[in-house]
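As you go down the protein sequences, you meet chains A and B in turn. Going by the working numbering, the first residue of the first sequence is number 998, and it counts up by one from there. Going by the working numbering, the first residue of the second sequence is number 40, and it counts up by one from there.
In case anyone wonders, no lab produced these hints; they're calculated from the structure. It should be emphasised that the depicted structure is a prediction, and the values quoted were computed from it without experimental measurement. A couple of the hints might just be wrong.
As the list claims (entries may be wrong) - Non-contacting residues of chain B with respect to chain A, defined by C-beta distances greater than 10 Å in every case (computed):
#1 Asp63
#2 Ala100
#3 Asp111
#4 Gly115
#5 Leu168
#6 Val181
#7 Ala243
#8 Ala247
#9 Val261
#10 Ala285
#11 Val331
#12 Asn405
#13 Pro410
#14 Phe411
#15 Asp419
What the hints assert, rightly or not - Here are the computed distance ranges between Cβ atoms for each label pair:
#16 Gly1218(A) - Arg85(B): 57 to 63 Å
#17 Arg1074(A) - Gly171(B): 45 to 51 Å
#18 Thr362(B) - Ala1212(A): 38 to 44 Å
#19 Gln64(B) - Thr1043(A): 21 to 27 Å
#20 Asp1160(A) - Asn123(B): 34 to 40 Å
Glycine included, C-beta positions come from ideal geometry on N, C-alpha and C.
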Amino acid sequence: MKDSVIVSAACADVAPGGPLPATGQTAGATFGSFNVNFLDHSEFETHRKAERGRHTKVSYRLCQMVDRLLADAGLTRDQISGPSTALISGSNYGCSQVFEMHRRLRKHGPRGIDAVRFAQATHNYPVSACAIEYGLMGPCLAVVSTETAGMDALHCAYDWITDERCDRAIVVGFEDFSSPTGEHVCARAKDAPAGHAVSEAMVMVMLERQSTAQARGAADGKPVITGITTTYSGADAAEAERVRSKIAGDALDTDKISSLTTHRMGQRAVGTKDTDYLGAGGLLEIAHLLNSPNKGQQGQQHWQVGALSQGGSGVMAGIKVTQLEPAL
Amino acid sequence: MTRSVVVTGMGVVTRNVIGTRAFDQLLADGSPAPGRPSQFDSGRFRAKNAYATDPSAANTALREALLRKGKDLGLGNVTETDMNCAGYGLLAAIEAVEQAGLTPEMLKSAGCSIATTSGGMMDRYTDALDEGDHSAQFQELVTPGSAALVLRRIFGLHGPLSSFSCACASSLGAVSYAFMRVRNGDAPVMLVGGNDRIREADFAGFNALRAMDRDRCRPFDVDRRGMIIGDGGAILVIEDEEHARARGAVPLARMASVALSTDSHHITCPKPDGLSRAMEQALERAEMKPDVVGYVNCHGTGTQINDEAEAIALEAVFGGGATRPIVSSTKGTTGHLLGSAGAIEAIATVLALRAGEAPKMTSTINPEDIPFTLPVEGEDRTIRTNVAMSNSLGFGGLNGSLIFQLPETGDF
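Isolated chain B (complex conformation) (with noise of 0.2 Å):
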């Protein structure tokens, strides 16, 4: 017997954003110019800017939310090294628990799984060794799974625990992982999301590549010229809709389907057949056609070769089709958080869809001639369907399409 799985809380922590209100005025008000990230001293490399979130304001939060929440859902003691390996995820998990309205009671049966770029302490540890302190204070959080491992902890969670790495697909492994634990009966719910801190070897990484905009990120843009790191953390509870409704929760959204799939073709080139084969997958098994989709919430990285192979993609799956959806990318706003980006623009594609309207996409001012609309200045934003679709691409040439609906009336 398979379940229906629908989202019944969500959180994030992302730029100078604590929360999913002030994430979903964030989209709608649009970017702030991006700055200097203060974990490192960014001066030396060409592109210096990132959509970086300030850990301190991050940790204060966690802080205050931890004496607020904390006895309520049973949160186990939380420590100054789990706050810095966890500690966007864990703030995130808080809020996204709290609107779900789980009991500690609840959060026993439930697991999690947790998507990050490199995760865990490595970086920190391998500073502490090179400088000739091999103190434990770090082992224990220096494997990439460790922020799992912290919510698992911290919440007391006893279902299933897994935790993904696969650039920046990662998050959509995640949710897949979790929609089959939640789908097959393992698990009544799961907390399910990314937490990614800003690192300066990924910084320099994407510089080295020249995969980096010095301005803003630009999505769909004809003078874009590259991403924009971002960080922060996203966590969605999914949970069985018939656990979900035995309890009295409302359902924010049913997540429908999630697809992913391989282009077996390149590193750091993505090739258009693979994205349109996860988006396919993605439409079948949620027993759909392409023009039920009014949204489509893009990886939009705003790289020349991302935004053209996804443009192509995007017309082999929708371009027969009567009508089409609004394709926008939410990155322009929040960066790209990497591993954690499937999970944030999840959010971003649920809010979207509960809104009725698409992000606007402030940081694109010359819009590129795609077949869609993309919702720029003047551009009416209005999704016509009560179904939205979320992409995430990583390197090795992964792809992952995720699938939410709203029903046509009820309660949701």
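Chain A on its own, in the form it takes in the complex (with noise of 0.2 Å):
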């Protein structure tokens, strides 16, 4: 029979927002009816001349994020390395860190573009660091499709388990506002529709083979997932039903997926004064199903979760919850 993929752990950072107040002025910068919230980075602003020499802001939160995540999973650090881990990141915009070198250029010439910053100037940077400091060799790859990235990043995180690549996986979606891109993000304020947010995030899922959660004890009470397929905004009623029966797994009905959950992306429509964490929305719904599944109500529950792109594409992803304790 084949192995399942369960969700072992889940951790998230996001910039104060979720739904706004009606006046919106809790959020970091205002543009009229325009909302864009950012991280608190002053952890990594007091120890950034230690470590500005590894580190960009993003790399470093990963870092910070994954001991969090492995605290969760009752993993260490030996037990991760080597080349049954891999590591994935999705987002929108990717790392500003590489649009920054052209400003740079531009600014300064030649001379202002360093080796150093070069070499932190990928968007894959953030996982490398990570993999070379926790000794990850599995596969890993930096995603940015758009507000979809982070269920892609899933989508791939959960092919490799499947198809026998590697035996966990660690995948994180993320949005990074630092100029030049946060200046991007601020002058799309002038046409958004009212009340719309964005803000900066991170969040962590840790996949991994049941059979190898279970060795170590810890696959109890996990959410599996059942499925994992891709779509597009507007599909008809035939196109729906193949999803459903894509991510409701062998063992379920189609009919069993009992609650539907999407990516903030997918409300913005309907006028909800939600913010939105474009490639890190679909990895939060999950994170938020992991650590407080429908409050009160125990017994199994089968959960789609999914993203959708202004541009059309979307990824869903059946997910397995069995709620033990009446409440979390």
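Put the two chains together into one complex, using the hints given.
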């Protein structure tokens, strides 16, 4: 029987946001009715001099969060080092450092570009720096596919585990609004619909082969991924049925999918004041499922978690959650 | 159920070359000398030359291709901004889709997976912001995944969409994703490849690293001094073999497997055992022994550290076999397309496999002494098996290995 893939841990750093109050004044920057929320980077700034040689803002947070993820999953650094652990990130905007190189070149000329900064100016730098720090040798990639990036990364990680290329994978979704990306995000304010907000975030989930987790006594009660597939917005009924069938897995009927959650992007059209975590959004929904699935409801639930891009592409994951306690 | 994945179409734009046939000829003739890129003033850098594509010639060819094929392929409207963002990829994709014989109806169920180095138009947008222009002209196409979005919209694709930016291993990431989507039945057809325009910041960065040769790129040459940046677009149509056969398409090659690994060692310095693991995993996934591989298209940047590490990794994987593959790098001819390198080299690998002959390394005059045949002047370049491998390495210690196969007999 095919081994299942479980979500064995999750953690998230999200900028203050969530459903914004009607006044919308809690945001980090306000441009009319459009809000841009930034993460607190003071810890990185404090350590900046010591860490400058080997970290960017994103890679620093990523490594800090891996420690939290390992603690949550009950894993040690030794257990994840080697070829059996993969690492993948997904982000709509990627790393601002890539674009900052261009600005530095414009401002300072060739002398403004040094080898260390340039080596850090790739979208995969955060995952690569983390792989080096933790000794991860499995597949390692950076996805930059719009608002679905985090879910695309999840899809890749799921592929790798089911295809037996690795036993576990750390999946990261993030948005970084450092300069010059931040200026771009803010400049979009003028054209944004009323009440729209976007926020920086970093979300991390650990996918693990169920038998691997069982061997260390950590699989009980963990959400199981029952399937992942891609789709598109405006899909007809047949496509919707294909998606539900694909994510239901072998043991469940499609009508057993009890609830539906969607990435914030899908809700914006109905005028909510939720904040949009862009490429990190879909993974954030999964982190929520892991940490607080339907409060007060016991038993098994089957969720569909999805992300949709403005371009119309989508990724959907089926996740089976067994709620053991009445409330978390 | 897993499906057999085949290549049914290919398209290339690079240097002064538009089209796979012209690219094949470029590989056969060898590389014209590199020159100064027209996109920026390279005179202020230590190494000044590139194997750059002429964007105006490519845009002219794209307009002609749109006039010629746009209606038949059901292509959407292409704006100047689309061209500036994804023109090379669009032109390569039109050629690949045309060769594959896909109809607009078939394209609806296809997806795309595109590799890029930095992607999008954020650099241009940043200039516009600095100049006080906050117009929305570029806003939709600034993100790194924009080229994939443009292809999706122009070709009317409704299948899986993704974009990868993992330094010089980006293409193998994109190929890995596309391969799995077809193999797992998520899409019958995927357009996969790379789209990269030469970027001054990358040119400056590789100069800062002292990784660029001032003269020409000479992979595996004792006199090598580094890489030379190139740019362009390269797209492959990959397809479920059953789907391809059912519609009467003739596959160009089978994509047997793709594998990825990480060195976990250093951001810019490769460690051989990482690449060895990728190659071994690719062979294992394809259920092949090393001695069935007749040709390896190496990453072969022409830098000391890359070529040395790659030679050690090749020896670790192929050293024990009775026969060894011919190994080469095509970067002496194409330059280093960075994120798109793996895509154009995948096409070079399929072309070599179908021709039964490794492309000549015309810029490598004094080959170093490695225990593999390099296809330089005077060497027998015959590929003796029906299997070839293409490898990519990237900053951060990323490695990818891709295997293509022709059948022993049949209609490929």
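These are the hints, each one checked on the structure:
The Cβ of Asp63(B) lies farther than 10 Å from every Cβ of chain A, with a closest approach of about 30 Å, so its non-interface assignment holds. Remark: the non-interface label on Ala100(B) is consistent with the geometry, its nearest Cβ contact in chain A lying 26 Å away (cut-off 10 Å). Remark: the non-interface label on Asp111(B) is consistent with the geometry, its nearest Cβ contact in chain A lying 23 Å away (cut-off 10 Å). Distance check on Gly115(B): its Cβ is at least 13 Å (rounded) from any Cβ of chain A, clearing the 10 Å threshold; non-interface status holds.
Not every CB of chain A is more than 10 Å from the CB of Leu168(B) (nearest about 6 Å), against its label as outside the interface. Some Cβ of chain A comes within 10 Å of the Cβ of Val181(B); the nearest lies about 6 Å off, and the non-interface call is violated. Annotated as non-interface, Ala243(B) brings its C-beta within 10 Å of a C-beta of chain A; the closest such distance is 4 Å. Listed as a non-interface residue, Ala247(B) fails to keep its Cβ farther than 10 Å from every Cβ of chain A; the least gap is roughly 5 Å.
Residue-level check passed: Val261(B) sits 25 Å from the nearest beta carbon of chain A, beyond 10 Å. The claim that Ala285(B) lies off the interface holds: its Cβ sits roughly 19 Å from the closest Cβ of chain A, which is beyond the 10 Å cut-off. With 10 Å as the threshold on Cβ separation, the claim that Val331(B) sits away from chain A holds: the shortest Cβ distance comes to roughly 21 Å. The Cβ of Asn405(B) sits about 28 Å from the closest Cβ of chain A, beyond the 10 Å cut-off, so the non-interface label holds.
Taking the minimum C-beta to C-beta distance to chain A, about 26 Å, the non-interface status of Pro410(B) holds against the 10 Å cut. The Cβ of Phe411(B) lies farther than 10 Å from every Cβ of chain A, with a closest approach of about 25 Å, so its non-interface assignment holds. For Asp419(B), the non-interface assignment is confirmed: its Cβ lies about 36 Å from the closest Cβ of chain A, beyond the 10 Å cut-off. Remark: the range hint 57 to 63 Å for Gly1218(A) to Arg85(B) is upheld by a beta-carbon distance near 59 Å.
Our hint of 45 to 51 Å for Arg1074(A) and Gly171(B) holds, since their Cβ atoms are close to 49 Å apart. Distance hint for Thr362(B) and Ala1212(A): a CB-CB separation of about 41 Å, consistent with the stated range 38 to 44 Å. Distance hint check for Gln64(B) and Thr1043(A): the Cβ-Cβ separation is about 59 Å, which falls outside the suggested range of 21 to 27 Å. Here the CB-CB span from Asp1160(A) to Asn123(B) is close to 37 Å, well matched to the stated 34 to 40 Å.
The structure does not agree with the numbered hints 5, 6, 7, 8 and 19 stated previously, though it agrees with the rest.
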